[in-house]
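Same order as they appear, the protein sequences are chains F and W.
Quick note: the first sequence, position 239, residue 239 per this note's numbering, numbers continuous.
Each number in this note's numbering corresponds to the 1-based position in the second sequence with 313 added.
I should point out that these hints are in silico values taken from the structure, not numbers from a laboratory.
Heads up, a few of these hints could be off.
Cβ-Cβ distance ranges computed for the label pairs, FRET-style [what the hints assert, rightly or not]:
# : chain 1 : residue 1 : chain 2 : residue 2 : range
1 : W       : V378      : F       : E259      : 50 to 58 Å
2 : W       : E502      : F       : N77       : 53 to 61 Å
3 : F       : E259      : W       : G474      : 19 to 27 Å
Backbone N, C-alpha and C fix where the C-beta goes; we use that ideal spot for every residue, glycine too.
Number of protein chains: 2
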Amino acid sequence: MYANCIAAGQLTWSERPDPVPNVKQVLIEVRAAGVNAADVLQVRGNYPAPPGSPDDIPGMELAGVVKAVGSEVRRFNVGDRVMALVGGGAHAELVVADEGTVLEMPRGLDFIEAAGFPEVFTTAWDAMFDQGGLRPGERVLVTGAAGGVGTAAVQLAAAAGASVVASCRSEDRLADLIALGAEEAHLPEAALERGPFDLILELVGGDGVAAGLAHLDIRGRISVIGLGAGRSTQLDLSQLMARRARIFGSTLRARPLAEKEMVMAGVRRHVVPLLAAGRLRVPVAATYPLELARDAYQRLSDGGKFGKIILTS
Amino acid sequence: MYANCIAAGQLTWSERPDPVPNVKQVLIEVRAAGVNAADVLQVRGNYPAPPGSPDDIPGMELAGVVKAVGSEVRRFNVGDRVMALVGGGAHAELVVADEGTVLEMPRGLDFIEAAGFPEVFTTAWDAMFDQGGLRPGERVLVTGAAGGVGTAAVQLAAAAGASVVASCRSEDRLADLIALGAEEAHLPEAALERGPFDLILELVGGDGVAAGLAHLDIRGRISVIGLGAGRSTQLDLSQLMARRARIFGSTLRARPLAEKEMVMAGVRRHVVPLLAAGRLRVPVAATYPLELARDAYQRLSDGGKFGKIILTS
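For reference, chain F alone in the conformation it holds in the complex:
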């Protein structure tokens, strides 16, 4: 197969041996794959692949067609249209994925949208529901809402009956966020004033965390999953106590397979049906041919996009 391989801090389109599934894995022919910030960091050498994943081929999510299945795989057959979350290796013609992290593609969805679903919706599901315990009727602030995880989170929280305030730095995106289901969309400082919030999904990080704490409701939670604005913040612990608040961080990538499979089981059960019903969609900002991943990564690094960057083959 051909793959986007990391060599000397650059991506090179080059030939590699086909990956071979183990007994619990499926081999997937990649039709489309999402590009994520982690991929860009991995190329720069700042974010090593988790154990068991190819260390020189990035790519964490994809959609495609099953080409082969291991002897213990029960859920999938050759020819199935699937989407998957993997530890790496998706920016290639072929990839192997553990059965528990593969999802059936709903009918009517195309590969481009499907490829942009797993990473952001799984991250948003885990951060807001598994970790954050979001319940209907709660008020949620999503910061950095115009990004991939943000657009997923706004839709998912709204579909689950929460009242969503979306914030982003670009005034041009506010109407898009309303169209995704946000009740209100504001620039960051104005958004905070629309609290108090039961849950803040913090995709920007830095001092936004401390600022958010001041606008939490009693028993409010802050789920920190992005640190673009900085990794440090000066926290007022008396506010934490007075509000009986919780602040927590989460990353999916570093978790053991068993934990990822538990999260994906939640996505399969609770999120995929919303996608199948047309209540969630995957905004796509741009597509690039698979072999031009380098250009796609550059586009992601440039920022300012709305929706996912997708590679297609």
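Given chain F's structure and the hints, the job is docking chain W onto it.
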């Protein structure tokens, strides 16, 4: 009745009308009452009583004998020996308490020990179990372990099958902490090196929170319930994310009655049996006559004690 009343920032032993229980309350003749930091803060005007509690009589925990019961009280009868957690008013000859916050005194326990039980053990229970999800086999660090909540927490965590590291600033207390069930007891910096911890019960606050985060295990939690060392800390959010950690604060006093009753139901079910079985004890540092509460408060403010300060009548 006579009560310790706040007047012009001082306590005065003076006569007041007897409190009258509502239909769901019991009237208790106070035999002994614990002194807590919140009482001292309340006298100074820094910690107003919660709604529904007397605003000028401090005292949050007591043991005594039921003198009267409201018409809807089912659990208690006149003459019962009880202990209770109240929003205030316990440093008096009589106090009313909501049925759901009153606990039966185990046989064989005296009023002095019983009076020192509710506040610290309920706080420790809530912070470590209800909020912190502590489970057997986990490794727990209790900071400020020589104080009231600390001595309760060390015993409770050890009795529940956790492995407890206790830290305090006084070398003289380390042996006492081992005697309470801590597996190890150290000065603060050395204690941190004994991690990684699944749960840190942070009774000191300030930069201890940030230092603790660096010594948490994957999925570790920090429960912040004391801020003696400061209310602010510079937090490394990347550590939070890498460890999938949670930091949360809690105070009991400000919660609505229904929530307090839920916590007390947990204490009644899970903690009182350990007290009755002799697996928990209430270390008492000193007792003072009820009418000399002012001296007892001074003793508490002076610090350096091991165990509770108790008023007796």
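Here is how each hint holds up against the structure:
1. W:V378 x F:E259: 50 to 58 Å: The hint (50 to 58 Å, Cβ to Cβ) holds, given that V378 of chain W and E259 of chain F are roughly 53 Å apart.
2. W:E502 x F:N77: 53 to 61 Å: At 59 Å between Cβs, range holds.
3. F:E259 x W:G474: 19 to 27 Å: holds (23 Å)
Checked against the numbered hints above, the structure breaks none of them.
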